[in-house]
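By the UniProt record's numbering, the letter at position 125 of the sequence shown is numbered 125, and the numbering carries on one by one without gaps.
One should not assume that every hint holds.
Simulated pairs of lysine-lysine, DSBU-like, Cα-Cα distance not exceeding 30 Å [what the hints assert, rightly or not]:
hint : residue 1 : residue 2
1    : Lys144    : Lys91
2    : Lys144    : Lys32
3    : Lys139    : Lys199
4    : Lys91     : Lys199
5    : Lys2      : Lys32
6    : Lys2      : Lys91
7    : Lys32     : Lys91
8    : Lys139    : Lys2
9    : Lys139    : Lys32
In short, the hints are calculated from the structure, not lab data.
Computed from a prediction, not measured in an experiment: that's the story for all the values here.
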Amino acid sequence: MKLDPFYPLVDSSGWIERLVPLGVKLVQLRIKDMPEAELRREIAVSNAICEDHGCRLIVNDHWQLAIEEGCDFVHLGQEDLADADVRAIRKAGLRLGVSTHDGEELETALSVDPDYVALGPVYPTGSKELKWAPQGLEKIGGWKRQIGGLPLVAIGGLTLERVSGVFENGADVAAVISDVTGNRDPEARTREWLSLTEKWR
Numbered sequence: 001m002k003l004d005p006f007y008p009l010v011d012s013s014g015w016i017e018r019l020v021p022l023g024v025k026l027v028q029l030r031i032k033d034m035p036e037a038e039l040r041r042e043i044a045v046s047n048a049i050c051e052d053h054g055c056r057l058i059v060n061d062h063w064q065l066a067i068e069e070g071c072d073f074v075h076l077g078q079e080d081l082a083d084a085d086v087r088a089i090r091k092a093g094l095r096l097g098v099s100t101h102d103g104e105e106l107e108t109a110l111s112v113d114p115d116y117v118a119l120g121p122v123y124p125t126g127s128k129e130l131k132w133a134p135q136g137l138e139k140i141g142g143w144k145r146q147i148g149g150l151p152l153v154a155i156g157g158l159t160l161e162r163v164s165g166v167f168e169n170g171a172d173v174a175a176v177i178s179d180v181t182g183n184r185d186p187e188a189r190t191r192e193w194l195s196l197t198e199k200w201r
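Using the sequences provided together with the hints, build the complete structure.
This is the structure we're talking about:
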């Protein structure tokens, strides 16, 4: 399976509505704390927008709602993976991405036959508190050799200025948060990302 090399992570359907029509083909909806009814609406609206624009929507954590709302992709962190019913996810036909930070977590991820593996943080990141030190570019190549043909998603502190090194060291996809949503012109920054990553598309 091939994934688009530019993979923004956002926390609302409002962001999906702003960015996906620009040409984004892969996006993650990552919402942590929200009442279920409102969360369901956010997923449904995001899924409809993505379907209209030929974009893959990946729902973070909320695999039950992703199944119920007819989504086709879910992303799980290690803690969420431990609690999730992977068999139910697969039975519903959803694809699965898994976060990893060290060798043990990579083994856990590979044990569920994921559709992609994410490695991070590559660089220092302010998006959330992490107990892991930045992995650096060197680890990307080793991770890629271990997972073989699976897409490798690099995440953590990625910017336009850093992204070439990520791809040159073996990553297939660059997951981006603050370089887009924290930018004073997110739409313009998204267009820059789409243009720069075209060579890896």
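Hint check:
Distance hint between Lys144 and Lys91 is fulfilled; the C-alpha atoms sit about 28 Å from each other, no more than 30 Å. For the hint linking Lys144 to Lys32, the alpha-carbon distance of about 29 Å falls within 30 Å, and the restraint holds. Taken as a hint, the Lys139 and Lys199 pair is honoured in the structure, with Cα atoms around 23 Å apart against an allowance of 30 Å. Under the criterion of a C-alpha separation no larger than 30 Å, the hint pairing Lys91 with Lys199 is inconsistent with the structure, at around 35 Å.
Between Lys2 and Lys32 the CA atoms are separated by roughly 27 Å; this keeps the pair inside 30 Å, and the hint holds. Of the pairs offered as hints, the one joining Lys2 and Lys91 holds, with about 21 Å between alpha carbons and a cut-off of 30 Å not exceeded. Straight-line distance between C-alpha atoms of Lys32 and Lys91 comes to about 25 Å, which keeps the hinted pair within the 30 Å bound. Using a Cα cut-off of 30 Å, the hinted pair Lys139 and Lys2 holds, with the two alpha carbons roughly 21 Å apart.
Between the alpha carbons of Lys139 and Lys32 the distance comes to roughly 28 Å, so the proposed pair stays at or under 30 Å and holds.
In the structure shown, a violation is registered for the earlier hint numbered 4 alone.
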